[in-house]
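Position in the first sequence (first residue = 1) + 2 = our numbering.
Calculated directly from the structure, the hints in this document are not laboratory data. Where hints are given, some of them may not hold.
Simulated crosslink set (DSS-like; lysine-lysine; CA at most 25 Å straight-line) [stated by the list, open to error]: (1) K366 <-> K382; (2) K250 <-> K273; (3) K585 <-> K486; (4) K674 <-> K647; (5) K683 <-> K708; (6) K397 <-> K408; (7) K708 <-> K628; (8) K169 <-> K189; (9) K387 <-> K366; (10) K12 <-> K169; (11) K322 <-> K310.
Since the model is a prediction, treat every value here as computed from it, not as a measurement.
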Amino acid sequence: MKQLPAQLTKPFDASSVENPLYEIWEKSGYFNPDNLQGERKESYTVILPPPNVTGTLHTGHAIMLAIQDTLVRFKRMNGYRTLWLPGTDHAAIATQSVVEKEIYKKEGKSRHDIGREEMLKRINTFALESQNTILSQIRSMGSSLDWSRLAFTLDDKRSLAVRTMFKKMYDDGLIYRGLRIVNWDPKGQTTISDDETESEERKGIMYTFKYSHDFPIPISSTRPETKVGDVAVAVHPDDERYKEYIGKTYECNFAGCPITIKIIADTAVEKDFGTGALGVTPAHSQTDWEIKERHDLPVRQVINEYAKMYGLANEELNGKKVTDAREYIVEWLRKENLLIKEEEVVQNVPLAQRSGAVIEPLPKLQWFIAVNKPFSHFGKETTLKELMREAVIDKKTTILPERFEKVYFHWVDNLRDWCISRQIWYGHRIPVWYKIQSTENTEIHCDINPPVGEEWVQDEDTLDTWFSSGLWTFSTLGWPDTTKDLATYHPTDLLETGHDILFFWVARMILFSTYALHEVPFKHVYLHGLVRDAQGRKMSKSLGNVLDPRELTQKYGTDALRMSLLVGNGPGNDVKLGEDKIKAYKNFANKIWNATRFVVERTLDHETDVELLPEDQIIYDAWREKHKDITDDLENYRLHLGSEKIYDYFWKTFCDDIIETRKVRILENNNKESAQTLLVKLLREQIITLHPFMPFITEEIWKFIKKDADDLLLVTPWSQ
RNA sequence: GGGCGAUUAGCUCAGUUGGUAGAGCGUCACAUUGACGUUGUGAAUGUCAGAGGUUCGAAUCCUCUAUCGCCCACCA
């Protein structure tokens, strides 16, 4: 029996080994692919989805880091030039509003009191200060990220990339400024993109009424207050009921406001819905705006940015909130006996995802990306939408699980021009400058750098945060410069993220990369699900069921948490995470530790392998089969299966069966050497196999079982 | 309104291309002085949501139904 190293005599204590081990890895330089030994002809690249600078680690981050780190470690051990690149996101609106609130609480001042320049300084300071929190929490998960390449969506290099992209698209006519109906968030005081809205079912009342007694056609609306902005009534061209009125114009006095209504025919109107006639309010409805375009109607805006009525002849209405104005108008309709019907309906109310405010559709002059506009792209006529579709149809990018490809296509097919300007300060300011020549003539200049001359004024708005994160796979590698990194590591191999940002982010990255680089941003997309509590409920502060990864790793060890997030968790499925599950993998870590203790104690006193007895060889061969199986799972992104297989083999086969039977032979000195050789070989190879999943305990054990020539387990070849 | 997913042991879920159902937790019984009680051995529990079809054979493929969940949509 061999004397055990002191550390092995004690139980495994994750909390005391994890930080020192991470330091050893980081100091080794092997997180940086430039320092990896061997030929490594093929690269393997993963860009970390950048967490918000001001955020703290949650279970969603934990699952993302566990999956990516496991794959990255696997590839590194398999001889790839492996790059996993970290970064953080400035998260424009989110960050600005945190700082705004803070300042308001402490100093009672708004951002306008403070001024743009000073405000930006403060937000930036705050962002960079809090950045360290999330970064050190990412480290604590064992993430083997190349910190030498750390990027930030708002740093100088990324800002250059953003301005370069903007100008390129502007010059190609793909970015334009236009007056359109946008989603206005009255609470956040900014426009938001279609994807930043969500809808909620609410009960509302559908009112059927006439504008005035001498108006021939009744209309229906859930928002009668917008009707003071009506300019037309549209009916279906085939509708016999209304044919005679088409083309006529009526002057009405609606709730004290004179309105001019033209009767028009448009096929967008459904005969069978409501009265079959649609009151057209171009300024406050997307559909109506489109009808306006077709019929050359005027636009009458009656609601302002604060969701209040304005500009009306009836002074009582001006300044009223839309909901109050609604009551006022319904009351007026009743009094005038114009209200024909009221019915309760369930309607989908559009809300701003972030602020929760009811979206007010407003016509605004904003910047857009034209997704349907044909342009010449590397000698071929195409559209941005077509580029996005092609990448996935041609399998240049595959999505796991596959069913999300359908979701992706559906989204792409229904995509409308993307509104990219935001009325907030924190973010990439739009690289467009204006020089007012005269009231009708303003010169516009779009460039990477400001034009020379005092009279140029830069556009006030900033870009949607997804514009800069959309460039992430290549802006992090040095684009627009032609760098060695870009040539070596792009297209990246894997994008791993939550399925909730398939549209926001994944699709936008495909758009920018195929457009600017003529190649996909990544070959594979792996989408994980949401982490839920043990009962399957969303984790939320109000429910008090939030599991904090930092507490969990303290309590059970990082390896245990990682395993609990991987085993049985296939792509696309939500994960239910309870502490019992994590505890089970803490027990597993203990099992590994003790099995090692036994093998070291009973076998490593003889260093030379002997030829295995046939019965031992059979066991070894069976393990090799299992190992091949696990390798195959990892190569095909089936982490949920691979992790379970090694867990099962180690515990049930290796410990309960192989060790138990060979133990007897070793103690009884019966063909002892073959048994010892078998145990040593199996332990070594299993520790290697376990390393991507459970990096800390395996690296710690490696210290006791490695051969003299061996390097860190981190870079030990996968197949021995 | 359209689309997608789920439904498997008391609970949470695996089950890769169709070959007589698996794991963890829990339950019960037993064992154990030397790797480990954060253990071992054994046991019980399933008409794989329901109905129909394809097949020599279906949890797995097809059709329909039910329940739950998610996503998308400008029905005023």
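Evaluated hints:
1. K366 <-> K382: 33 Å, violated
2. K250 <-> K273: 19 Å, holds
3. K585 <-> K486: Not satisfied, since the Cα-Cα distance of roughly 45 Å exceeds 25 Å.
4. K674 <-> K647: Roughly 28 Å between the alpha carbons, so the hint for K674 and K647 is violated.
5. K683 <-> K708: Holds, at roughly 11 Å.
6. K397 <-> K408: 13 Å, holds
7. K708 <-> K628: It holds: about 22 Å lies between the C-alpha atoms, which stays within 25 Å.
8. K169 <-> K189: Violated, because 31 Å separates the two Cα atoms, which is more than 25 Å.
9. K387 <-> K366: Holds - the C-alpha atoms of K366 and K387 are around 24 Å apart, at most 25 Å.
10. K12 <-> K169: At roughly 62 Å apart (the allowed maximum being 25 Å), K169 and K12 break the hint.
11. K322 <-> K310: 5 Å, holds
The structure shown violates the earlier hints numbered 1, 3, 4, 8, 10.
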